[in-house]
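S.K.: With the hints as your guide, set chain B onto chain A.
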Amino acid sequence: AQSVAQPEDQVNVAEGNPLTVKCTYSVSGNPYLFWYVQYPNRGLQFLLKYITGDNLVKGSYGFEAEFNKSQTSFHLKKPSALVSDSALYFCAVRASSGSARQLTFGSGTQLTVLP
Amino acid sequence: NAGVMQNPRHLVRRRGQEARLRCSPMKGHSHVYWYRQLPEEGLKFMVYLQKENIIDESGMPKERFSAEFPKEGPSILRIQQVVRGDSAAYFCASSTVASPSTDTQYFGPGTRLTVL
Chain A
104 AQSVAQPEDQ VNVAEGNPLT VKCTYSVSGN PYLFWYVQYP NRGLQFLLKY ITGDNLVKGS
164 YGFEAEFNKS QTSFHLKKPS ALVSDSALYF CAVRASSGSA RQLTFGSGTQ LTVLP
Chain B
934 NAGVMQNPRH LVRRRGQEAR LRCSPMKGHS HVYWYRQLPE EGLKFMVYLQ KENIIDESGM
994 PKERFSAEFP KEGPSILRIQ QVVRGDSAAY FCASSTVASP STDTQYFGPG TRLTVL
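Protein chains in written order, with my numbering: chain A, 104 to 218; chain B, 934 to 1049.
Simulated from the structure, these hints should not be mistaken for laboratory data. Misleading hints may appear alongside valid ones.
[To be verified] Okay, derived cross-link-like pairs now, EDC-like style, lysine to aspartate or glutamate, Cα gap no bigger than 20 Å in a straight line:
| no. | chain 1 | residue 1 | chain 2 | residue 2 |
| --- | --- | --- | --- | --- |
| 1 | A | K125 | A | E111 |
| 2 | A | K172 | A | D157 |
| 3 | A | K125 | B | E973 |
| 4 | B | K960 | B | D1036 |
| 5 | B | K984 | B | D1036 |
| 6 | A | K161 | B | D1036 |
| 7 | B | K960 | B | E1001 |
| 8 | B | K977 | B | D1019 |
| 9 | B | K977 | A | D112 |
| 10 | A | K152 | A | E167 |
| 11 | A | K152 | B | D1036 |
| 12 | A | K125 | B | E974 |
| 13 | B | K984 | B | E1005 |
| 14 | A | K180 | A | E169 |
| 15 | B | K995 | B | E951 |
Here chain A stands alone, though its shape is the one from the complex:
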């Protein structure tokens, strides 16, 4: 069975400071990893994904994430946070092998960027 842990329910950061939202995963074999963002009363917007190759993945709105196989982590980062980045962030995993295409999501991390 695959699982995702987002250890922090809430992350607060000052505008202009770097931000990190943590994610660890468990999956059989190699993982496909995803980050999505959800604004209030909206659907999930795709930010970025790791499939293979370079461990540092760049995505939308200046976000990036680093895949660390030994630590089974895929932390989301941004060098300089904006107030508009305040939202709920979800990490998700899918196994690269087998026919299952379902995503397994973490419980989400509420990011608040303070002006």
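M.R.: This is chain B only, laid out in the frame that chain A set:
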């Protein structure tokens, strides 16, 4: 290119009624997924469909829930005899037929079901 469309956006039902949620995938996408988000929780997979086929329904409750994706028209998630515990946001996602290595699921805005 229009994104994933879901309707209605909000749906209120009384206990025992039926709820029908619709999802139109992005243009060119033929794979549809349904997820449920309970309050204060992450999304949980329910079912994965392709046109006229249910591929994986391992996340669907055994009773009262069904899904279809006909040859023509939107995908439908149907909940019969709703109970208060069905109150949640139901999200649809779609993806292309491309290989799993490039498969990204794009989500609709969700339908928020409230059962009175």
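S.K.: Check each numbered hint against the structure and report the violated ones by number, ascending.
M.R.: none
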